[in-house]
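Chain order of the listed sequences is A and B. Residues 1 to 92 (the numbering used here) are what the first sequence spells out, left to right. Residues 1 to 166 (the numbering used here) are what the second sequence spells out, left to right.
For the record, the hints were derived by calculation from the structure and aren't laboratory data. Accuracy of the hints is not assured; some may be wrong.
Unchecked claim - Quick list of the computed label-pair ranges, beta carbon to beta carbon:
no., chain 1, residue 1, chain 2, residue 2, range
1, B, Gly51, A, Thr49, 49 to 57 Å
2, A, Glu34, B, Gly80, 49 to 57 Å
3, B, Phe64, A, Pro54, 28 to 36 Å
4, A, Glu70, B, Pro50, 20 to 28 Å
5, B, Thr113, A, Gly37, 38 to 46 Å
6, A, Arg74, B, Ala99, 18 to 26 Å
7, A, Glu14, B, Glu115, 29 to 37 Å
8, B, Val78, A, Glu70, 22 to 30 Å
9, A, Ser6, B, Pro61, 52 to 60 Å
10, A, Thr49, B, Arg11, 47 to 55 Å
11, B, Glu43, A, Pro18, 53 to 61 Å
12, A, Glu90, B, Arg11, 16 to 24 Å
Think of the CB as a built atom: it goes at the ideal place given N, C-alpha and C, for glycine as much as any other residue.
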Amino acid sequence: MLARLSRGPATVSELAEPLDMSLPGVMHHLKALEDSGLIRSEKKGRVRTCRLNPGVLASAEQWLVDRRSEWEVRHDRFEEYVMGLKAKGEDA
Amino acid sequence: MTDKFDLVLERTIDAPVELVWQAYTNPEHLKKWFAPRPYEITECELDPRPGGIFRIRMQGPDGFDTGHGNAGCVLEAVEGKKLAWTSALGPNYRPAEMAAEGCESFPMTAIVTFEDLGNGKTAYTAVALHANEADKAKHEQMGFQEGWGTVAGQLEEYAASLRANA
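This is chain B alone, in the form it adopts within the complex:
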C-alpha cells in the first residue's frame, strides 16, 4: 500500500481520543500547532466532512506568506477515528490548481487514523502520500532502477526534442 514517497508516523499520546481529535480537526486548535515556528497559521478553515474545505494561510516574520492558500479537500472524516484530506482537490472534490513553487506546489494526501487505547491514551498514525509522477524527476531518491528508468526515458525524449529543434 505504501510506496517510497509515503511518510508514515505512528505514535501514542497520553491524552484521550476526544481531545486529540479536537486538537487535530478544530481550526482554532490546528492554527496553534500546524506551522513551524516562527511561521504562523493566520487563517485556517477545516470542515471535517467529505468534500469539506481545508485551507491554511501561513505567514512568517521574513515576509513569507502563502496568501489565502490553495484550499484542499477533506476526503473522509469519522469523528475520533479518521481524517483524510488532500491538496490535489479543492472543496467539493474540484480538481485543484497547484502553486508554481513552495509547499503548495506538489499534491499530497494525508490520512490520519486515531485509536482509543482505553486508558486515556490515544494511538495515532499519520501517513503522508506524495505523487510519484511529475515529482519524481525533481524529488525522488529512487535509486535509479525501475522508476528512474522511466524518468530517464522522458528526459531523454525531451533532450532529443531540444536537439531536433536546435
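The shape of chain A in the complex, shown without the other chains:
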C-alpha cells in the first residue's frame, strides 16, 4: 500500500484492488498507517482518498541535509583553525 501511495494518492478501493484482503481488513490496515502518521486520508462523499504524509518525506530529506551542513561547517571550522595554527607557527 505504501509503495502504491508513493506513486501518488489513491482511493481505498484502488488500494484494496490488488490485495487479497477484505475491505474491512484494508480499512483497518489503513487506519493503523494513519494512526502512525505515515499517511493521511480524506473523505469526499463516499470516496476516501489516501496519500502519504509529506512530513514523513520532508523529515527524511531534512536529516541528510542537516548531516551535510554539519559536515561542511565542521570542516570550515577545521580549516579556519588550521590557518590559525599556521599563522601562529609563522609568528614564532
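Dock chain B against the given chain A, drawing on the hints supplied.
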C-alpha cells in the same frame, strides 16, 4: 562505493600536511574545531591507531551535554595520509551501544584521506558513511523506489501485526 547516505567533501587547504594531520588527530586540537559554536568539546580522547578510542563530550550553554559520550573506534590511522573511525564500534572493535536519540543515536563511519600537494598545501577528502537500514525509515530521501519499497514492506508488516493484535 558511495551510496545515497554518504557525504563526501573534497577540499584543498593552504597548509602543510603535517600541520593538517596534527590538527585533525591531536585531541587538544580537535577540541577546538569539532563542535559547532557555542557548543564546546569539553573532553576528547583520540588514539590514532587501529582499535584506538575516539570519544568526545559536547556541552552547550543551553544545558546540552552528551555526557562522557559513547566511545567510538579508530579503524585506520596512517600518519599524514588517512584516518578512519566509526561510532558503530567502541575501542578495540567492541560493538557499540547507540544512544536512544541525538547525534550519537545513529552509527556513522568517517574516512578522511590527506594528500600532500607538495607546495605547502594539502588536499583532503572527508567521507561520512551512514547506515542505511534502520535509519532508512526515518531518515531517507530515497525517492520511494527500490529502497522505499523494502521499508514500506516492513512498515506494512508492522501495521498488519498491529491489526492482528487489535
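Comparing the hints with the structure gives:
At about 56 Å, the CB distance of glycine 51 of chain B to threonine 49 of chain A agrees with the hint of 49 to 57 Å. Taken as a hint, the range 49 to 57 Å holds for the pair glutamate 34 of chain A and glycine 80 of chain B, whose Cβ atoms sit roughly 56 Å apart. The hinted range of 28 to 36 Å is satisfied by phenylalanine 64 of chain B and proline 54 of chain A, whose Cβ atoms lie roughly 30 Å apart. A beta carbon spacing of about 26 Å between glutamate 70 of chain A and proline 50 of chain B agrees with the range 20 to 28 Å that was offered as a hint.
A C-beta distance of roughly 41 Å is found between threonine 113 of chain B and glycine 37 of chain A, which places it inside the suggested range of 38 to 46 Å. One distance hint, 18 to 26 Å for the beta-carbon pair arginine 74 of chain A and alanine 99 of chain B, holds here, with the actual separation near 19 Å. Range check, glutamate 14 of chain A to glutamate 115 of chain B: Cβ separation about 55 Å, and the 29 to 37 Å hint is violated. Remark: the range hint 22 to 30 Å for valine 78 of chain B to glutamate 70 of chain A is upheld by a beta-carbon distance near 26 Å.
In this structure, serine 6 of chain A and proline 61 of chain B break the distance hint of 52 to 60 Å, their C-beta atoms being roughly 42 Å apart. At about 48 Å, the CB distance of threonine 49 of chain A to arginine 11 of chain B agrees with the hint of 47 to 55 Å. In this structure the hint that glutamate 43 of chain B and proline 18 of chain A lie 53 to 61 Å apart at CB holds, the actual value being about 56 Å. Our hint of 16 to 24 Å for glutamate 90 of chain A and arginine 11 of chain B holds, since their Cβ atoms are close to 21 Å apart.
Of the numbered hints listed earlier, those contradicted by the structure are 7, 9.
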